[in-house]
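Asks: When you get a sec, could you build the whole thing from the sequences and use the hints?
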Amino acid sequence: MMLGLHVRSGGGVENAPGRAAAEGGETVQIFAGSPRMWKQPTYSREQGEKFAAAMEEHGLAETFIHVMYLTSYGTADEEHRRKSTQAFITALENCDTLGARGAVTHLGSHKGEGFEAALPRIRDCLMEVLASDTEAEVILENSAGAGDLIGGTFQELGRIIEACDNHPCLKVCLDTAHAFTSGYDLRTAEDWEQLLNQFDDAIGLDRLSVLHLNDSMHDIGTYKDRHENIGDGYIGYEAFRAIVNDTRFSDMSAVLEVPGIENKGPDKENLDRLKGLVNE
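Mapped onto our numbering, the consecutive letters of the sequence shown carry residue numbers 255 to 534.
Note that these hints are calculated values from the structure, not bench results.
Mixed in with the good hints, there may be bad ones.
Claimed, not checked - Derived lysine to any residue pairs resembling SDA-like cross-links, with alpha carbons at most 25 Å apart: (1) K522 / M471; (2) K518 / A276; (3) K522 / E310; (4) K518 / G313; (5) K518 / G265; (6) K518 / E280; (7) K478 / T501; (8) K478 / E492; (9) K518 / E395.
Replies: Now the structure itself:
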């Protein structure tokens with residue numbers, strides 16, 4: 255498993271690989287711009303070349319771009335859907351420029367209308383995204399299932415992919431904290447295996463593109479999205495030991511999005527905690 259972390263891209267996106275490598279990362283995830291603003295940069299060819307050179311210099315394997323938090327593809331608000339769709343397309347274009355594997359997005363909320371009402375709108379948005387001229391993966395992240403959030407169950411993600419004609423570019427990001435608080439136990443190796451069986455039945459393991467490895471500040475089934483440092487939350491070390499030693503994912507990127515020991519974001523200490531579990 256290629257262990258990495260989410261880092262900031264401010265001060266020049268080409269600096270992100272160095273930040274990840276300084277913490278011991280083998281792979282990297284960034285936001286293109288602020289996660290809470292619609293405006294995002296469009297990277298130039300020169301920036302892409304500098305970024306690629308930095309990836310090679312620091313020996314990093316893969317890059318992912320996380321789309322901003324504002325996206326909601328199932329809302330009845332047409333303007334919000336338009337902005338969400340365009341933001342996803344721009345993120346994918348930036349992926350192509352940087353040589354990133356794909357763009358990860360949260361699906362947003364159905365605003366009380368229910369999943370069935372939102373599904374056709376989600377399909378229309380994603381089909382427009384998939385029709386864009388990009389080579390990057392279109393990656394849907396599971397949610398913690400709080401309130402009206404979409405994607406809290408593997409069944410919902412599977413239904414969305416099916417509605418999009420099982421497009422081969424559609425992939426899934428599995429966030430451990432989100433899965434746990436939405437009701438999927440993974441605290442033991444047996445729990446992890448059962449979770450993967452459920453994922454495979456609803457989506458297919460071949461759709462799994464990247465893992466977000468986060469412990470949780472809240473217990474299973476609470477539907478609360480608060481990440482915790484590895485081993486300090488309700489999920490615990492046994493779960494992460496099973497995950498990092500799962501040979502099915504030896505070539506997969508796993509990205510940390512934890513608060514960090516000093517609350518400055520994902521850090522070397524958390525990566526070292528994971529690395530210390532490998533082959534233990």
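Asks: Confirm or reject each hint.
Replies: To see whether the hints hold, each was checked on the structure:
1. K522 / M471: This hinted pair holds, its Cα atoms lying about 20 Å apart.
2. K518 / A276: holds, 14 Å
3. K522 / E310: holds, 20 Å
4. K518 / G313: Satisfied, since the Cα-Cα distance of roughly 24 Å is no more than 25 Å.
5. K518 / G265: holds, 17 Å
6. K518 / E280: Between K518 and E280 the Cα gap is close to 19 Å, so the pair holds against 25 Å.
7. K478 / T501: violated, 30 Å
8. K478 / E492: holds, 21 Å
9. K518 / E395: holds, 23 Å
Taken one by one, the earlier hints fail for this structure only at number 7.
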